[in-house]
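Asker: Sequences and hints are given; from them, build the entire structure.
Every letter in the sequence shown is one number past the one before it in this note's numbering, and letter 142, counting from 1, is 142.
There's no promise every hint is true.
[What the hints assert, rightly or not] Label pairs and their in silico Cβ distance ranges: (1) Ile394 with Lys180: 56 to 62 angstroms; (2) Gln289 with Gly414: 14 to 20 angstroms; (3) Pro341 with Leu166: 58 to 64 angstroms; (4) Ala86 with Gln289: 21 to 27 angstroms; (5) Pro115 with Gln336: 54 to 60 angstroms; (6) Asp137 with Ile394: 43 to 49 angstroms.
[To be verified] As a list, the in silico PhoX-like pairs of lysine-lysine whose alpha-carbon atoms are at most 25 angstroms apart: (7) Lys396 with Lys264; (8) Lys199 with Lys214; (9) Lys80 with Lys98; (10) Lys411 with Lys264.
It is worth saying that the hints were derived from the structure and are not from the lab.
Note that the Cβ used here is the ideal one computed from N, Cα and C, for glycine as well.
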Amino acid sequence: MEKTYLCIDLKSFYASVECAERGLDAMTTNLVVADPERSVNTLCLAITPAMKKLGVKNRCRLGEIPHTIQYITAPPRMQKYIDYSAEIYGIYLHYVAKEDIHVYSVDEVFMDVTPYLSLYRVSARELGLRIMQEIYDQTGIRAACGVGTNLYLAKIALDITAKPSLDSVGVLDEQTYIRKLWTHKPLTDFWRIGAGTAKKLASYGIFTMRELAKADEDFLYHIFGIDAELLIDHAWGREPVTIAEIKAYRPASQSLSSGQVLMKDYSFKDGELIVKEMSDLLCLDLVSQNLVTKSITLHIGYSGFHVVEYAHGTTTLDLETSADFVIIPAVTALYQRIVNPLLSIRKVTITCNDVRPETCCQCSLYVRFEELERSRRLQKAVLEIKQKYGKNAILKGMNLENNAMTITRNKQIGGHRA
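Answerer: Structure below.
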């Protein structure tokens, strides 16, 4: 049985929410979502369609907006956007069961509407329009919709064919995809083809999906490895994965990570403070989820002024644990070993590799059982206090040092104002 999918995207979501909150129309209002307190180089999280019509690029920096354009600057409010997204998800549930919805991002979802079209006695386009209208009526947010016979085609219909459509709906099957989009340029308009992939394809004379589909498959596998399978399928408009399979998928191993882009260049010493803070919070995350790890990876991005781009390394612990008195010193030692003390730091990412449920307490020749138990009780107590009184209700001394970021980050969602 042929499937039918919808891919619905909320147009310029963050900017549209800010307009809706102000009683303004995002289609005619010049508004950008950005934190003006950071600097003129801060990225705009979203701009309204009205700004895009004036030639302003999405995800530009504040300082790149022409001075001749008058606009409203709205500081980001991540919790507000999450609340709107949750309300709109409730609208989706009016039409489709949660088992048939895959949330792709805060402003985009896929829906398998195959069994619902006969139930509602409508076409996929009509169902998409009905849902889009209800979203607008209840929230003031405009949406666009892609309809496809697989997940990939629904996404491409949204990204490429829905935009020029008068009703903001695009429809594709494999035949119309080949007929309409095989010669479309640039390749970066297609889902999962980034600038790097497009550049590599161009170096071999491949600039369109038609040329990609006709390319020698063995050659593509030689160049891209297993990723060639995805490129080949998508060149022909094929996508075998279903929403049911996505929901049933369980990775063989899992990781837990935390990353941040610093507001300014940090020295080696201050960067070490950030690493300690982030390690401490990751330990609490592990405890809250009853997880342990034995391997931790640290990735440090240097300032753009340096020729060297990053430092990267992994450390292995003596035991699987979530104890801060074990993990923080280990990550700090890794930092001191791999990071160049003469270079400025701008990005930090820490990953706990291969995390797994804590089924029992593993013993170690180097760590006493009593110390592990005491650490776990303290971490549990800290989590309880934070849950009851807020993330900043209990802090460590290092969180009060100059250039520490924990207090600020605790007030944020996704690195932006809550």
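Asker: Take the C-beta atom of Pro115 and the C-beta atom of Gln336, compute their distance, and say whether it sits inside 54 to 60 angstroms.
Answerer: holds (58 angstroms)
Asker: Quick check: does the Cβ-Cβ distance between Gln289 and Gly414 fall within 14 to 20 angstroms?
Answerer: holds (19 angstroms)
Asker: Is 58 to 64 angstroms respected by the C-beta to C-beta distance linking Pro341 and Leu166?
Answerer: holds (59 angstroms)
Asker: When you check the alpha-carbon spacing of Lys80 and Lys98, does it fall within 25 angstroms?
Answerer: Roughly 23 angstroms separates the two Cα atoms, so the pair holds.
Asker: In this structure, is the beta-carbon distance linking Asp137 and Ile394 contained in 43 to 49 angstroms?
Answerer: Cβ of Asp137 to Cβ of Ile394: about 45 angstroms, so the range 43 to 49 angstroms holds.
Asker: Does the Cβ-Cβ separation between Ile394 and Lys180 fall within 56 to 62 angstroms?
Answerer: Check passed, 58 angstroms falls within 56 to 62 angstroms.
Asker: Hinted pair, alpha-carbon criterion (25 angstroms max): Lys199, Lys214. Please report holds or violated.
Answerer: Answer holds: Lys199 to Lys214 is near 18 angstroms, not above 25 angstroms.
Asker: That 21 to 27 angstroms hint for Ala86 and Gln289 (C-beta), does it hold up?
Answerer: Hint holds: Cβ distance 22 angstroms, inside 21 to 27 angstroms.
Asker: Assess, step by step, whether the Cα of Lys396 is no farther than 25 angstroms from the Cα of Lys264, and give holds or violated.
Answerer: Roughly 23 angstroms separates the two Cα atoms, so the pair holds.
Asker: Hey, Lys411 versus Lys264, does the alpha-carbon distance stay inside 25 angstroms?
Answerer: holds (19 angstroms)
Consistency note: the structure conflicts with none of the earlier hints.
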